[in-house]
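Based on the sequences and whatever the hints tell you, model everything.
Protein sequences, first through last, are from chains A, B and C. Residue 433 in the numbering used here sits at position 433 of the first sequence, with consecutive numbering throughout. Converting from the second sequence to the numbering used here requires adding 1000 to each position, the first position being numbered 1. Converting from the third sequence to the numbering used here requires adding 2000 to each position, the first position being numbered 1.
Hints should not be assumed to be uniformly reliable.
Stated by the list, open to error - DEER-style ranges, computed between Cβ atoms: (1) H1026(B) / S2244(C): 21 to 29 Å; (2) T1074(B) / A500(A): 39 to 47 Å; (3) G1119(B) / S378(A): 22 to 30 Å; (4) S1149(B) / A500(A): 57 to 65 Å; (5) H1128(B) / G359(A): 38 to 46 Å; (6) H1128(B) / R358(A): 31 to 39 Å; (7) E2179(C) / D1042(B): 51 to 59 Å; (8) H1026(B) / N589(A): 54 to 62 Å; (9) A408(A) / H1026(B): 31 to 39 Å; (10) F310(A) / S2216(C): 53 to 61 Å; (11) A500(A) / H1128(B): 49 to 57 Å; (12) S2216(C) / S1149(B): 49 to 57 Å; (13) S2216(C) / D1050(B): 40 to 48 Å; (14) K561(A) / D1050(B): 31 to 39 Å.
To be clear, the hints were calculated from the coordinates, so they are not data collected in a lab. Owing to the predicted nature of the structure, the values given are computational and were not obtained by experimental measurement. Built from N, CA and C at the ideal position, the CB exists for glycine as well.
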Amino acid sequence: MGRRSKNKQDVPLPLELDQKIDGKVTKRLNDRLKYEAIRTRKQQESAQRATAQRAGGNARQKPAANAAGPAPSTNGKRKAPAVSKPQKKAKAAAKPAAESENESESDVEMAALDAPDDGWDKAVLESDSEGDADSFDGLDSDDEEAAASSEGAGDSDAEDEEVKQMPLSLLGDDSGSDDSDAGGGMESYDELDTDSDGDEEDGVTFRDMEKRSRRLDAAREEDEELARMELDEAEEVVEGERELFELPSAEQVEVEKDAPLDLSQVQLRIQEVIRVLNNFAQLRDEDKSRNDYMDQLKRDMCFYYGYNDFLMDKLLQLFTVSEAVEFFEANEVARPVTVRTNTLKARRRELAQALINRGVNLDPIGKWTKVGLTVFDSPVPIGATPEYMAGQYMIQAAASFLPVVSLAPQENEKVLDMSAAPGGKTTYCAALMKNTGLVVANDASRERSRALVANIHRLGVSNALVCNYDGREFPKVMGGFDRVLLDAPCSGTGVISKDASVKTNKGPEDFEMLTRLQKELILSAIDSVNADSPTGGYIVYSTCSVTVDEDEAVVDYALSKRPNVKLVNTELEFGRPGFTSFRGKSFHNSLSLTRRFYPHTHNMDGFFVAKFKKLSNKIQAADNTFVVPTGCGVKIKQKKKRAQ
Amino acid sequence: MRPLTDDETKVLFEKLAKYIGRNIVHLIDRPDEPYCFRLQKDRVYYVREDIMRKATAVGRRNLVALGVCFGKFTKTGKFRMHITALPYLAQYAKYKVWIKPNGEMPFLYGNHVVKAHIGRVTEDIPEHQGVIVYNMADVPLGFGVSARSTVDMRKVDPTGITVFHQADNGEYLREEDTLF
Amino acid sequence: MDVSGILEEHKGRFQPVQVERLIPVEHDLGCLASFDINMLDDAALRADAGVRETYLQGLSREGTQLLVNELFTLPTVVDEDSVYAALPKRSLVLPREKPVPKEKPMTRWEKFAKIKGIQKRKRGAMVFDEAQGEWRPRFGFKGVNNDGQQPWLLEVPQSADPYQDQYQVRREEKKERIEKNQRRHQRNAEESAGKDIGLTPHKMRKRDLQSALVLSKGSTASMGRFDAELKGEPRVKGLRKKRSPLVGAAGVEKSKSLEILGRVAKGDSSATVLNVRKAQRAINSSKRRDAAGGGAATGSKRKGSGKR
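Printed below as a string of structure tokens:
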């Protein structure tokens, strides 16, 4: 069961490398809110104007695009997904690669699959952007609100398209089309046309075609002008509002504790506070300190996103305020499903072909892995296809490829995976080793190790040894490994999108307990490695948590306790470097060699990877004597104690 | 973990012989590296000898699995093949049946193979012999026992059962709790 | 008339009646046997068949002649046309087929009697019944102590309850006597049974109880696998199964597997490998039986080994 639940997690849309963090989400949110306010106002205005026109019998033109759409007053619900959509769309539109259009999507994929490795990479980009654009087209037609919002977001392409379509429907015979079309544009055309409806339908003659097109041009111009005006107006309005923003007083806070505000109001306030914080010198209230603003922000975000205070503090320490919001938003969205091809049984191209034949829509994850595929959508359950049962692939989060890629086990080595269940990483190791050597898969939980065995067998791994120990026992049970992978048990702050319960159920005592465990585990992992191994001597430490306590602090602890290891490059070409100092604590300089991954920047689970190289099996103790921890693959002669 | 007793070895070989016949020799006497059978709890594992040697360091209670599980001994002393043995059975299979794409899912849901689903068959299958089931792309799906000989299969009506289902890849999902 | 010629002729026709032996031959006329302990002629025995046969035949004839001579020395009785001789009692003792029975261990009474010097006095089975004027068995069917009817009159003792049924008292007393005797019999049997293995009856009982406990523990559907362990439960010391080593020498396991495979391939399921466990169990149980057996106390003889 454990396997299934963990498999569900998963994973990213095509990865964007080195994407700039610029608080896009925040900005979008702001824009959207502004836009909606304006639009409702406009609507009211236009309604008034329309009645006036009708009364006066004066045909005045009206802006088409912005007049319609229901006012988004769905305030009772959280709007996080809707908010994130325009962002994605903007991304897609921004991509230059999207210009190279292909007729059909499957064609693109086929081309991608047939192409050699270089071709793959190109195809990634192409189909990435196209995939995005496609899915959002779908959304446009489905979800009026989303469409409206995307227009408001300044997507000029989409607007153009809509305008272009209008004359067509005008020319059409179908009178019902007016009613069925939800766009307010239709209405405005009715108004602008001096002829009766019937007349218009009757025919477009060459004579009035010119007139009509001129009218259309004029209408468009006016539209644009109006849009500009609106924007300016909106700016003013918002600026006006901004001047007014004040932190709630202590009494108000008390009141809110009992009767919480509307979510949308809280969201607005978050935006405002962030804006103030970003430009603190100018926008601040002279009586309030920065801490006051931060406190209010924390309160609001805890309420809005549902985190507990402790975790909120931890995460806000980690990011700038605007980036934290991006992080929280990213946690509300599930990562795309990714699968890993089992190279012991299949090749990626053939597997992709087989899955496409089943109607699965997929793409390679990125150029950093040759075995990963992202599944966009699938008509069949992806965890129950015959290919899955035959062990040709494994559903695995993209982030959990990383530690294995970093570990890079070689053939005929002896490798230990300290907490292996449900076996994604173990089987990846075995596949890289081509079933030679030995992979020792350990997991402390008996229940989870059952899923581990199932996956190992399904994927046809025959060089595995599954055991059930507490990882801390390890150098005693077995030692002298060439490589050790420690995917430590952690708080799971990187995988909140998979398991939202983390938001509330992790307190300081959990962190204390987990970090202690992690520190003990990493020492056992280091002691289990044989430094004299001709090919290996590496340890990879990874967590699916983003907090510094569980990542850098643990690695730093290991470096201080075991001077016989050093950090080396993780060999992952993306990801952000780890912290070398954090809130007054400074870590070893080499910690910049570790890598961090975030859901909002890499579109995979939050992850941390550090790679050690063990230099010697002896530890130089304080008094300049050498101590050999047991189980390093070195035989130690022990003097027999004489019985007294 | 322990080696099989003579009796257990005999029971195991008798069962294996139903599927791969004399090819068991290739499992025991491998040119590449020595392999052996080991019993852990009631499961029989087929494992490389050097892995087995390293596994001796692991306590009996803590050892969950090693190498490839071939099946288990029942309480009455019979041997029951598991789907996990399929890669080896498929490699040395004596009698094979290929099923058409429309028969794949029914078989993977644990149903017997009916004649209508059969795409291709080995020529000389006798009745009640172990048969390995493949799909048309030669991917092994599971194994079973022939309900009739190849000759008699021709006479059966399309809905008649030709191969009795014993194990299939779907068991990785269906039986995950009991299989391991 | 000169008969010497005739005698000579007669002598030539018959073997001599007198036979000379170096060591006189012993006879047991009661079973018509004679025992000749003189040396045989080694050369004649090793000679070829004809010579040997004549030699052995001669030897037998002479032996028979001696026996017959001896028979004619016995006093004879002449009856009408026949002569009889009464054979003496035979003196030859044949060896026993069965071994001499072991001496039974003494009962408590025998020990006591020996210390006190009490002689066992044989009482005749029959007693003379003066009333009837005939001999009758001392006990049992038609015995004198069991006269069919009770005495028609019984004296009530001074101390006794006048309303007590004295006949009932007699019956109960008799029953008690019988029971007491049975108890003693049982005790003697137990003591003698444990004597061989040096155990007192108490220790024997303890041992039996423990083995019964072990048996009952293993008599559940799961062979006792899920039963909670009792406090201070005896550990069963069975025969340890001999297993092949966990990591054997290189190639040994392989050759053994190949051998078994060869048998399996031949379809030779009857000539299977010896089931060592089963054999050990059989040996073990027979040993136990021997150890506990002998004693009449356990009594029951197990027939066969039971199907397993």
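Problem - 22 to 30 Å as the expected CB spacing between S378(A) and G1119(B), which holds or is violated - result: For S378(A) against G1119(B), whose Cβ atoms are near 26 Å apart, the range 22 to 30 Å holds.
Practice task
Evaluate the given range 54 to 62 Å for the C-beta pair formed by H1026(B) and N589(A).
Solution key: holds (56 Å)
Exercise for the section: Hint says 39 to 47 Å; check whether the CB-CB distance for T1074(B) and A500(A) agrees. Expected result: This hint holds: roughly 44 Å between Cβ atoms.
Handout entry: Satisfaction of the hinted span 51 to 59 Å by the C-beta atoms belonging to E2179(C) and D1042(B)
Key = holds (56 Å)
Handout entry: D1050(B) and S2216(C) - C-beta distance against the hinted 40 to 48 Å
Key = Distance hint for S2216(C), D1050(B) holds at roughly 46 Å.
Exercise for the section: Determine whether the Cβ-Cβ distance between F310(A) and S2216(C) falls within the hinted range of 53 to 61 Å. Expected result: holds (59 Å)
Practice task
Kindly confirm whether 57 to 65 Å is satisfied by the beta carbon distance between S1149(B) and A500(A).
Solution key: Holds - the Cβ-Cβ distance for S1149(B) and A500(A), about 59 Å, lies within 57 to 65 Å.
Practice task
Go ahead and decide if the range 38 to 46 Å is satisfied by the Cβ distance of H1128(B) to G359(A).
Solution key: With Cβ atoms ~39 Å apart, the hint holds.
Problem - C-beta pair S2216(C), S1149(B): status relative to the range 49 to 57 Å that was hinted - result: holds (52 Å)
Practice task
State, for the Cβ atoms of K561(A) and D1050(B), whether the hinted interval 31 to 39 Å holds or is violated.
Solution key: holds (33 Å)
Problem - Distance restraint evaluation - H1026(B), S2244(C), Cβ atoms, bounds 21 to 29 Å - result: holds (23 Å)
Exercise for the section: With respect to the beta-carbon atoms only, verify the hint that H1128(B) and R358(A) lie 31 to 39 Å apart. Expected result: Given range 31 to 39 Å: holds, Cβ gap about 35 Å.
Checked against the numbered hints above, the structure breaks none of them.
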